[in-house]
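Q: Knowing the structure of chain A, use the given hints to seat chain B on it.
Respectively, the protein sequence lines represent chains A and B.
For the first sequence, the tail end lands on 301 under our numbering, and the numbers increase by one without skipping.
For the second sequence, the tail end lands on 553 under our numbering, and the numbers increase by one without skipping.
One thing to keep in mind: the hints can contain errors.
What the hints assert, rightly or not - Chain A stretches covered by chain B per the calculated footprint, using a threshold of three residues with CB under 8 Å from any CB of chain B: (1) 74 to 85; (2) 217 to 224; (3) 280 to 292.
Hints are computed from structural coordinates only; laboratory data are not their basis.
For every residue, glycine included, the Cβ atom is placed at its ideal position computed from N, Cα and C.
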Amino acid sequence: MTLMRTLLNSFRQLAASLRMLLIFTVVLGVAYPLLITAIAQVPGLKSRADGSLIKVGGKVVGSKLIGQSFTDANGAALPQYFQSRPSAAGAGYDPTASSASNLGPESIVDTLPDPSVKGDTGKQSLLTQVCGRSLTIGKLYGVDGSRPFCTPDGVGAVLAVFYAGPGYHGAITRVVSINQSSPAAPFISTYKGVTVQLGKFGEDYAKGKVVPVRGNAPAHPAVPADAVTASGSGLDPEISPAYAKLQETSVAKTRGVTVSQVAALVAKYEKGRDLGFMGEPRVNVLQLNVALDKDYPFTKK
Amino acid sequence: MSSTWAGIVFLGTLILALVLVHKPLGDYMARVLTGTRHLRVEKAVYKVGGVDADADQTWGRYLRSVLTFSAVGVLFLYVFLRLQQHFGHPYAVPQMSRSQSFNTAASFVTNTNWQSYSGENALGYVAQMVGLAVQNFLSAAVGIAVAIALVRGFARSKTDRLGNFWVDLTRICLRILLPISIVFAIIFVGAGMIENLHHYATITTVTGGSQTLPGGPVASQEAIKELGTNGGGFFNANSAHPWENPTVWTNWLEIFLLLAISFSLPRTFGTMIGDRRQGRAIVAVMAMLAILSVGLQLGAQTAHHGTVPTAVGSATEGTEARFGVPDSAIFATGTTLTSTGAVNSFHDSYTSLGGAVLLLNMMLGEVAPGGTGSGMYGILILAVITVFVAGLMVGRTPEYLGKKLGGREVKFASLYLLTTPLLVLVGTALAMALPGERAGMLNSGSHGLSEVLYAFTSAANNNGSAFAGISVNTVWYNTVLGVIMLLGRFLPIVFVLGLAGSLARQKPVPASEGTLPTHRLLFVGMLTGVTLIVVALTYFPALALGPLAEGLH
Chain A
1 MTLMRTLLNS FRQLAASLRM LLIFTVVLGV AYPLLITAIA QVPGLKSRAD
51 GSLIKVGGKV VGSKLIGQSF TDANGAALPQ YFQSRPSAAG AGYDPTASSA
101 SNLGPESIVD TLPDPSVKGD TGKQSLLTQV CGRSLTIGKL YGVDGSRPFC
151 TPDGVGAVLA VFYAGPGYHG AITRVVSINQ SSPAAPFIST YKGVTVQLGK
201 FGEDYAKGKV VPVRGNAPAH PAVPADAVTA SGSGLDPEIS PAYAKLQETS
251 VAKTRGVTVS QVAALVAKYE KGRDLGFMGE PRVNVLQLNV ALDKDYPFTK
301 K
Chain B
1 MSSTWAGIVF LGTLILALVL VHKPLGDYMA RVLTGTRHLR VEKAVYKVGG
51 VDADADQTWG RYLRSVLTFS AVGVLFLYVF LRLQQHFGHP YAVPQMSRSQ
101 SFNTAASFVT NTNWQSYSGE NALGYVAQMV GLAVQNFLSA AVGIAVAIAL
151 VRGFARSKTD RLGNFWVDLT RICLRILLPI SIVFAIIFVG AGMIENLHHY
201 ATITTVTGGS QTLPGGPVAS QEAIKELGTN GGGFFNANSA HPWENPTVWT
251 NWLEIFLLLA ISFSLPRTFG TMIGDRRQGR AIVAVMAMLA ILSVGLQLGA
301 QTAHHGTVPT AVGSATEGTE ARFGVPDSAI FATGTTLTST GAVNSFHDSY
351 TSLGGAVLLL NMMLGEVAPG GTGSGMYGIL ILAVITVFVA GLMVGRTPEY
401 LGKKLGGREV KFASLYLLTT PLLVLVGTAL AMALPGERAG MLNSGSHGLS
451 EVLYAFTSAA NNNGSAFAGI SVNTVWYNTV LGVIMLLGRF LPIVFVLGLA
501 GSLARQKPVP ASEGTLPTHR LLFVGMLTGV TLIVVALTYF PALALGPLAE
551 GLH
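Okay, chain A solo, but in the shape it has when bound (with noise of 0.2 Å):
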């Protein structure tokens, strides 16, 4: 009798939460959400409601939201335009797969290019990617690539230090610049007496300590932290006004314009943190690029 009862009971409650969680689900799930859309069609909301999209000519070319590449097929920056930040989202700025980077600060030993494959790339670190990044853009726009911590050649400037005892104690037995790998010459030629060799695709450096050095390139470098990092969700649309600044007469150049020109458009899409203390300063690129073509076309030569 007791074990009806319970029984009973049990699916008296199961009963109930079903159709609680039904109830809920109609109102919270479908009337609210509903709702919502409903409401986000009243002009003024609709807008934003769709996407925030820019059109020119009666075309949609994308979201004032979402950032997008200005380069071409090859990942080369087009020069006419300014450049977004680097993305980690799928190949570039693809709004189907937002993600970052997510590799870690201390992200600083390469996997090397197979040299029987033709065209690997290897597996960068964060730090290889931050120097090849520095090195690419302040070669673009004239001025010097180099940062803490990478070499000349624009990878991360990292050494494998072998001792002779455990524990990385007694005489260093070997030193490799293990992100860097023939034809390239490595970025010091000995470390403490010890001559620096070159990384070997396949070799193992687990036994050696990793040290990275520092070298003497100034701490705050001339190209931007934002030029050189991917942002958080691989579709930031705003870079900083020190990165605008710099590809500044690079751009006016291309177009054939003065560099005052480009800087009072660049001023015109510049935000400084709202209410003077939220955010940072940013230029809406996409913004900026369609406003250049709308005032300066860019015609090929």
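A: Below, chain B without anything else, positioned relative to chain A:
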């Protein structure tokens, strides 16, 4: 103004707003949860639902209602996700695998919102709205309901009744969470968050490339995602995604929302037990821990110690240009101190010490201020332990808020405290012992261990944020983390309601000269100390091998 100073002002305005809102919101919640009148719409819900709204439940009955309702929730969501490909979405969505559906169902019902999937290509709009958003409300409401039941345990005497789960659940959803969500969802649309049911559209970009833009009912989900300390993003990039967090002031609002309820509940507690000083003492402990943590975090991130941050000149990897480093650090602190787990920047790329602070935040058991409800009952358990420890020191039977803390009460509190560390440490050890699971780490060495430790800490504490480099969409991780989320949520709830039941039965003991005053600074200090010491002793070895080893190397 320098970036750091702007960040400090940003933090200051958040604190001010929380101070201003905690009284009215806390009092409002107390009124909602102690009122005797049912609204007409609520009566209709009870009638259709077939529940007796006037029955006062024993702790066992209350617990059974919580567990049955949550079990039905997991099952329903699981089946729903397995069938999502049939719902006629605007675009083709694949079927979700068995292990991932289980993981996701467990994740959303436990208020964790751990996501081993990526929203923009694994889920359709129907699954996001009808499946997930519903649990964003319900799991938050269950947390608050359990906290309120524990408060009633202190407030009531000589009874075995703790209130009615169905009434608590319904009122929290309809009178607290829904109205606030509606207001903020509309504000969010105004800021540029999308809210539509469009097809994914492929457009031609300025340079002639192509880009596929998704759609979705994002703003409506975003409001409850923060308010209910859920944190499950509509998109993979979560609150870093410009359509989930379009601008710097939505960033401020999101942080505010995810802290609002948890910092107001101590006021509700004080009001319900008829001694607001007690609520103030609790909120003081929460605030102290939170300010300490955010200070450390801001320090670590702006000092940007470490090889890559030094090379960059700033800890900008994984942060958005509009938010910058300080406002990202404040969001990260808020999301790990509560059980939210939403992110506006990617923790895996934080400085080693910044990452360690985020881990510590979760390891504190998320009590400063913690998830909606779960933070409140978490800190009350720690208060019980503190009073017990103080009692041992002076050799008296400890009492808290007029209730004696005997063997039974202390056993429940201790079991509660042991559950999460056990799940975290055993889980991490298992994953590190299995070669296949170890291989899922993106980063190697101590940072890899941090990724695994972070995953289990996040799951067991129902946080849901991640050191996202680790590949967790495997049958093993999906299943094990799913089970850990369920145990990490419902075992503590069993102990909390058990404690509530035995407290409610007692008759109050009048305060005497030997009673430890629990509203004074001394107690605030002791509770803070106990919270920190318990965590430090439990997790120090694991932290030393992970982020500390990385940061000090």
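Q: Indicate, hint by hint, whether the structure satisfies it.
A: Now the hints, each set against the structure:
1. 74 to 85: holds (count 3)
2. 217 to 224: Answer holds; 3 residues pass the 8 Å Cβ test.
3. 280 to 292: holds (count 5)
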